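Number of protein chains: 2
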Amino acid sequence: MNKNDYMKEALKEANKAYIKEEVPVGAIIVKDGNIIAKAHNLKETKKSSICHAEILAIQKACKKLDTWRLINCDMYVTLEPCPMCTGALINSRIRKVYIGTNDKKTGACGSKINLLEDVVFNHKVEIEREIMQQECEQLLKKFFKNLRERNKNGEKRNN
Amino acid sequence: MNKNDYMKEALKEANKAYIKEEVPVGAIIVKDGNIIAKAHNLKETKKSSICHAEILAIQKACKKLDTWRLINCDMYVTLEPCPMCTGALINSRIRKVYIGTNDKKTGACGSKINLLEDVVFNHKVEIEREIMQQECEQLLKKFFKNLRERNKNGEKRNN
Numbered sequence: 001m002n003k004n005d006y007m008k009e010a011l012k013e014a015n016k017a018y019i020k021e022e023v024p025v026g027a028i029i030v031k032d033g034n035i036i037a038k039a040h041n042l043k044e045t046k047k048s049s050i051c052h053a054e055i056l057a058i059q060k061a062c063k064k065l066d067t068w069r070l071i072n073c074d075m076y077v078t079l080e081p082c083p084m085c086t087g088a089l090i091n092s093r094i095r096k097v098y099i100g101t102n103d104k105k106t107g108a109c110g111s112k113i114n115l116l117e118d119v120v121f122n123h124k125v126e127i128e129r130e131i132m133q134q135e136c137e138q139l140l141k142k143f144f145k146n147l148r149e150r151n152k153n154g155e156k157r158n159n
Numbered sequence: 001m002n003k004n005d006y007m008k009e010a011l012k013e014a015n016k017a018y019i020k021e022e023v024p025v026g027a028i029i030v031k032d033g034n035i036i037a038k039a040h041n042l043k044e045t046k047k048s049s050i051c052h053a054e055i056l057a058i059q060k061a062c063k064k065l066d067t068w069r070l071i072n073c074d075m076y077v078t079l080e081p082c083p084m085c086t087g088a089l090i091n092s093r094i095r096k097v098y099i100g101t102n103d104k105k106t107g108a109c110g111s112k113i114n115l116l117e118d119v120v121f122n123h124k125v126e127i128e129r130e131i132m133q134q135e136c137e138q139l140l141k142k143f144f145k146n147l148r149e150r151n152k153n154g155e156k157r158n159n
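Protein chains in written order, with my numbering: chain A, 1 to 159; chain B, 1 to 159.
Where hints are given, some of them may not hold.
It does not matter which identical chain is meant; a pair holds if it fits inside one copy or across any two.
Capping the alpha-carbon separation at 20 Å, the derived lysine-lysine pairs in PhoX-like fashion look like this [as the list claims (entries may be wrong)]: (1) Lys-63 <-> Lys-47; (2) Lys-46 <-> Lys-60; (3) Lys-142 <-> Lys-104; (4) Lys-142 <-> Lys-16; (5) Lys-47 <-> Lys-31; (6) Lys-47 <-> Lys-60; (7) Lys-112 <-> Lys-124; (8) Lys-96 <-> Lys-31; (9) Lys-105 <-> Lys-124; (10) Lys-142 <-> Lys-46; (11) Lys-38 <-> Lys-12; (12) Lys-152 <-> Lys-96; (13) Lys-64 <-> Lys-47; (14) Lys-8 <-> Lys-20.
In short, the hints are calculated from the structure, not lab data. It should be emphasised that the depicted structure is a prediction, and the values quoted were computed from it without experimental measurement.
Chain A extracted, bound-state conformation (with noise of 0.2 Å):
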């Protein structure tokens, strides 16, 4: 598999949260050639701001390979991690993240501000952008749209 099939798989993981009308954010982590997990964003599902797709799919590898440090463990994500997010990588010793599309209003691994690489932590992960870019920001686009038709029709607004 290359980059943009590993990417795919976190795009079925977004589709799933999109299905359930959560904002469409897909995550999966892969070690040695193999997805180890796979998550969604499940905020709203959960009731819980920490629910974001990076965050479970880390807890998801931390169970599966039992421990805390995800050493030679890459991420590919939908969305530019949040700044939440990108401590996550940067606590759990992932490798390298994927990411799909950009996010201006609160990405921190480069839009709006970059943890992983203008500051320096103990642990450092590397970043490449804008894999099936396209696909990731239309999902997103096409979610959003609909929320704003269901607020405009007066429906009740779930995100």
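Once you've looked at the hints, dock chain B against the given chain A.
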């Protein structure tokens, strides 16, 4: 209860972590004068880098209030939050964070970087620093002194 009383409760949590040979950090969340969540660092016990005291406290508070929006909630935490936990404060709409002692290595509320005052995100968290500073620092110093001695004596390093 005043600020020091609340921080004493967070310190009790930090002590629980100390007994478990975890880096001794404790956090509580207060709403309308009531402590609605208490937690301590369980990173080694749970084998997950997500399990910092602040994240666990936020998860408990979200469950208690049945929402991800921790409106009018304040956190008392014995050590300055890292980027992950500072991001979680923003994401969960915590009103104010009261910090025990500073963390020069990874503190993201002013020591290493300042995600709450130097960058404008969609939610602003107020900060008050150095509440029961000496007590919070002493507990951490004691922990790391013991850890160094254990390592010197060749005992298994748990942290």
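The hints, checked one at a time:
1. Lys-63 <-> Lys-47: Cα proximity of Lys-63 and Lys-47: across copies only (7 Å, versus 22 Å in one copy).
2. Lys-46 <-> Lys-60: This pair counts as both: shortest intra-copy Cα distance 16 Å, inter-copy 12 Å.
3. Lys-142 <-> Lys-104: Within one copy only: 17 Å inside, 42 Å across.
4. Lys-142 <-> Lys-16: For Lys-142 and Lys-16, only the intra-copy Cα distance (14 Å) is at most 20 Å; the inter-copy one is 47 Å.
5. Lys-47 <-> Lys-31: Between copies only: 18 Å across, 30 Å inside.
6. Lys-47 <-> Lys-60: Both: 19 Å inside a copy, 11 Å across copies.
7. Lys-112 <-> Lys-124: Both: 18 Å inside a chain and 15 Å across chains, each within 20 Å.
8. Lys-96 <-> Lys-31: within (11 Å within a copy, 39 Å between copies)
9. Lys-105 <-> Lys-124: So Lys-105 and Lys-124 pass the 20 Å test across copies only (14 Å; inside, 23 Å).
10. Lys-142 <-> Lys-46: neither (23 Å within a copy, 38 Å between copies)
11. Lys-38 <-> Lys-12: For Lys-38 and Lys-12, the Cα distance is within 20 Å only inside one copy (10 Å; across copies 36 Å).
12. Lys-152 <-> Lys-96: neither (40 Å within a copy, 33 Å between copies)
13. Lys-64 <-> Lys-47: Answer is between: at 10 Å across copies they meet the 20 Å cutoff, but 25 Å inside does not.
14. Lys-8 <-> Lys-20: within (19 Å within a copy, 41 Å between copies)
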